[in-house]
Amino acid sequence: MTTQDGIALSELAKLVDGTLGGAQATIRQVSSLDKATGDCISFYADRRYRADLSNTKAGGVILTAEHVDDCPVPTIVVKDPYYAYAKIADHLHPRQWAEPGIHPTAVVSDQAQLGRDVRIGAHAVIEAGARIGDGSEIGAGSFIGAGARIGPQSWFANGVTVERECIVGARAVFHPGVVIGADGFGFAPGAEGWRKVPQLGRVRIGDDVEVGANTTIDRGTQGDTVIDQGVKLDNLVHIGHNARIGAGTIIAGCTVVAGSTNIGKNCTIGGAAVIAGHIDIADNTTLMGMSAVTGTIREAGVYSSPIPVQPVQQWRRNAARFSKLDEMYKRMRTLEREIQELKSAGQNSAMPNPNTQAEDRAAAARSTGGASS
Amino acid sequence: MTTQDGIALSELAKLVDGTLGGAQATIRQVSSLDKATGDCISFYADRRYRADLSNTKAGGVILTAEHVDDCPVPTIVVKDPYYAYAKIADHLHPRQWAEPGIHPTAVVSDQAQLGRDVRIGAHAVIEAGARIGDGSEIGAGSFIGAGARIGPQSWFANGVTVERECIVGARAVFHPGVVIGADGFGFAPGAEGWRKVPQLGRVRIGDDVEVGANTTIDRGTQGDTVIDQGVKLDNLVHIGHNARIGAGTIIAGCTVVAGSTNIGKNCTIGGAAVIAGHIDIADNTTLMGMSAVTGTIREAGVYSSPIPVQPVQQWRRNAARFSKLDEMYKRMRTLEREIQELKSAGQNSAMPNPNTQAEDRAAAARSTGGASS
Amino acid sequence: MTTQDGIALSELAKLVDGTLGGAQATIRQVSSLDKATGDCISFYADRRYRADLSNTKAGGVILTAEHVDDCPVPTIVVKDPYYAYAKIADHLHPRQWAEPGIHPTAVVSDQAQLGRDVRIGAHAVIEAGARIGDGSEIGAGSFIGAGARIGPQSWFANGVTVERECIVGARAVFHPGVVIGADGFGFAPGAEGWRKVPQLGRVRIGDDVEVGANTTIDRGTQGDTVIDQGVKLDNLVHIGHNARIGAGTIIAGCTVVAGSTNIGKNCTIGGAAVIAGHIDIADNTTLMGMSAVTGTIREAGVYSSPIPVQPVQQWRRNAARFSKLDEMYKRMRTLEREIQELKSAGQNSAMPNPNTQAEDRAAAARSTGGASS
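Chains as they are written, first to last, in the numbering used here: chain Y, 1 to 373; chain C, 1 to 373; chain U, 1 to 373.
One thing to keep in mind: the hints can contain errors.
Copies of the same chain look alike in the list, so a pair counts if it works inside one copy or between any two.
Stated by the list, open to error - The calculated EDC-like cross-link candidates involving lysine to aspartate or glutamate, where the alpha carbons are at most 16 Å apart (straight line), are:
{"#": "1", "residue 1": "K343", "residue 2": "E299"}
{"#": "2", "residue 1": "K196", "residue 2": "D80"}
{"#": "3", "residue 1": "K265", "residue 2": "E192"}
{"#": "4", "residue 1": "K196", "residue 2": "D207"}
{"#": "5", "residue 1": "K196", "residue 2": "E336"}
{"#": "6", "residue 1": "K79", "residue 2": "E66"}
{"#": "7", "residue 1": "K14", "residue 2": "D117"}
Calculated from the structure, these hints are not laboratory results.
Bound-form chain Y, shown alone (with noise of 0.2 Å):
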């Protein structure tokens, strides 16, 4: 059965393993709550929805078992909606690839091995030595550098680049403009300027791995740029060289890993975040978005450092206050000592505060180290 002859709403909760509810339906698509009609599924996850969930028209809804009363059409009860939606979705609108075969107009090199059932579009160019796994498909314009590795099965937007030497995993998807394998940024300081350090180490990028548009991910120096099995990252991030992603590590957008950094496996890292160069991040970590990691994380846990937007008059104010933040400190801890003796004064006793001058040392300490200690 097409999806545009439609798909029993049964067969599909069979496909996620879920309990059908109410009368059957035939699917063709999937849609929001609020603009689904008759032929859509929908799927219930956050409860910033509810409204919509009550007055859909979709002919199915996946949701939990809790919600099924709150739904007035056709239920897929399922434990996550999401992950069942996802799988449904994929189901109804699987990916279109191209027909298999070589366009005329690109330029592969005879010495490049191609598996069987590829798809290579137009202008895209296959150095010596490239290998391009079974059934996957390099889009128009594409660039795989000489001795370069895809995996099979992968599937690349036009206008990706995978640089000499790179590897690439089974599954892969790389969308527009995703740079692989660009050099480094190395770089050593002499009488007559920088001089580059030569960038010899290559990306190795493991299975199921997905990068968003115009995402860069730099060769190592003398070792590799690894990317685990089933990273995520979205659109315009950078990761510089020798850095190391974890298995199942996903990146939002524009996100920033500085070189030779260690992030462990299944973190969950916001957009826009920063993480210095030469640290670790521990496995299972969080870092909401926009965070500045200046130093290592050894235990996993949520973090998080922007300062949210305030009225420009206000916000002038305070950051001008925060430039002096440790002396307004300091001032604080003068009238501590100063109400103490007035206390003490008052009870004819004058003894120090113990907890304060302890914080006098441990201050002494942090500002010749790092912020982040």
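Dock chains C and U against the given chain Y, drawing on the hints supplied.
Just chains C and U now, kept in the frame of chain Y:
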């Protein structure tokens, strides 16, 4: 009269409904006040260039009435010199369009629809079902996906991508490396790792939109990502899936708008701002550069947030204090109580400070919610 | 002697004016200390790798005299090991250039001027009036606009854009996705919305400049955007129109330099820094990563600004306090006055604190100006 022959200053004054003051001149080009020669026209709209005005050798200067006496050369008096300058500069130096026609190396599907007088550059790819409006130019190596629609009189530089089914209005200006309609960043967590959520929506872009180099706008998950009429986006901006940018809003370089966020009309957003997902920004809001927006902004106004740089030793001490700012606040509050008690003791009366108590409750409420509350 | 045959360690020592210590070895490649085998040369310049030095199996290690005794294998002693390493690595692993010639799929205007021994990759486009210097390589799919000039011995990866009339010096290294000379971001507000201000300047780039993947440098509005000799830019950097970057300045990934800003010579700018428009940065300034620069920096020094991440609950409380930091300051000042009064009461004397009064005036002045003052 061509630009090479020059245009009378009086003609330019007419073009912008301005008043000519001083002698006639023949103008061939625009220039800044300090570098202008007798065949140049300049404008004055910023006090920082006051000295340049006094010393200019331009053939004419566009300015407001109040500055006529400060100008040693002929003038065109208007209400808005910068706007008038833009119009005159456009007249003297119109954008160079390619000759109409399809470059022989372009790959254009015979199922694509091309309007009259279109220009298709070398190695461009136009897929089946795509439509290009009358007079539009698609630069070298650009990619227009299946079913995408580009309005008339649009100008795309080389290396622009518009993915399948996306819609772009009239008079668009897209710079190199722009990626419209790559998949949004949506993954559902499951036992076997992240599962891709198909991104089934489009990007819909209104008329008169300009998009800067290497900027990315992702397609929607179900519904569309929408960029309304007259929006201007600078380079390396990222717009997440299902975001909406209201008409006339202008966004400077490297700003990040996360998914499902709704930015109002006529907003002015500085560079490197970061706007969280699933929030609203009111019409006419101004965000200064580097603003971190973590929650909805309901009232138009001018907002800001960065901590400006300080000498590094000072920054270290202040940043260390920031990490204990709440504790510092609490110590200050203790001081307030103690002083109150000392004063009361002097007055034989010890009432608690009601303001301080109310703040305690407010702070407790805040610490369980978002920082943007 | 080719690299495949290997090079005597003594030869490499001569190349860098170093002193050989220990037995001779034949070197074929560079490697890190921990992974090196007997035909590898490594370097030691960072205490973090002290243990690797003691255990290395390299054929030779480049280091300073003071560490010779810590090294179990032959050594090359120099003053600057990293710089010497860069030179040796370059010698052992020189950049691979394409064979001279024009790929048959390239589109080269017959009005373009190509120097001797140029390499033009597949699908590259060279427009009329463009000039490519002797021995330069223009990678696959790159675009050189009308009238642009590229100096000799420059190396452009695939997918590089240099727009019309822009100028690039000798020995440039540009990585994939670089966009030089897209329009600057200039719009004049008017009754009918934003009107584009034509961007009529160029980008002028000196000799020995390297530009990272997907970095964008906009053309000037009237005058030029200028990148001086020896500047190194990492990936995803944005340089706005009419900015100037002084000779020898190095800028790490994802940094933003807004329009008309003038950065001095030999500055070191960390990743993800943001530098506002229309300001100056003194020669030899160092900006640490994530610096927010909102105003001119007149004195060279090391500057920084990020708030490092904290556990999210702590961050929420501190960020909430920050939004009232000025109020907190004022409450502290009130405390200072009150204590003064209490102490004075004890001493039968109540003089106001003159320091506190001066600060009041300074704060009032600041709140009407910029936060960077």
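Any of the earlier hints contradicted here, and which numbers? Hints 1, 5 and 7 contradicted; others consistent.
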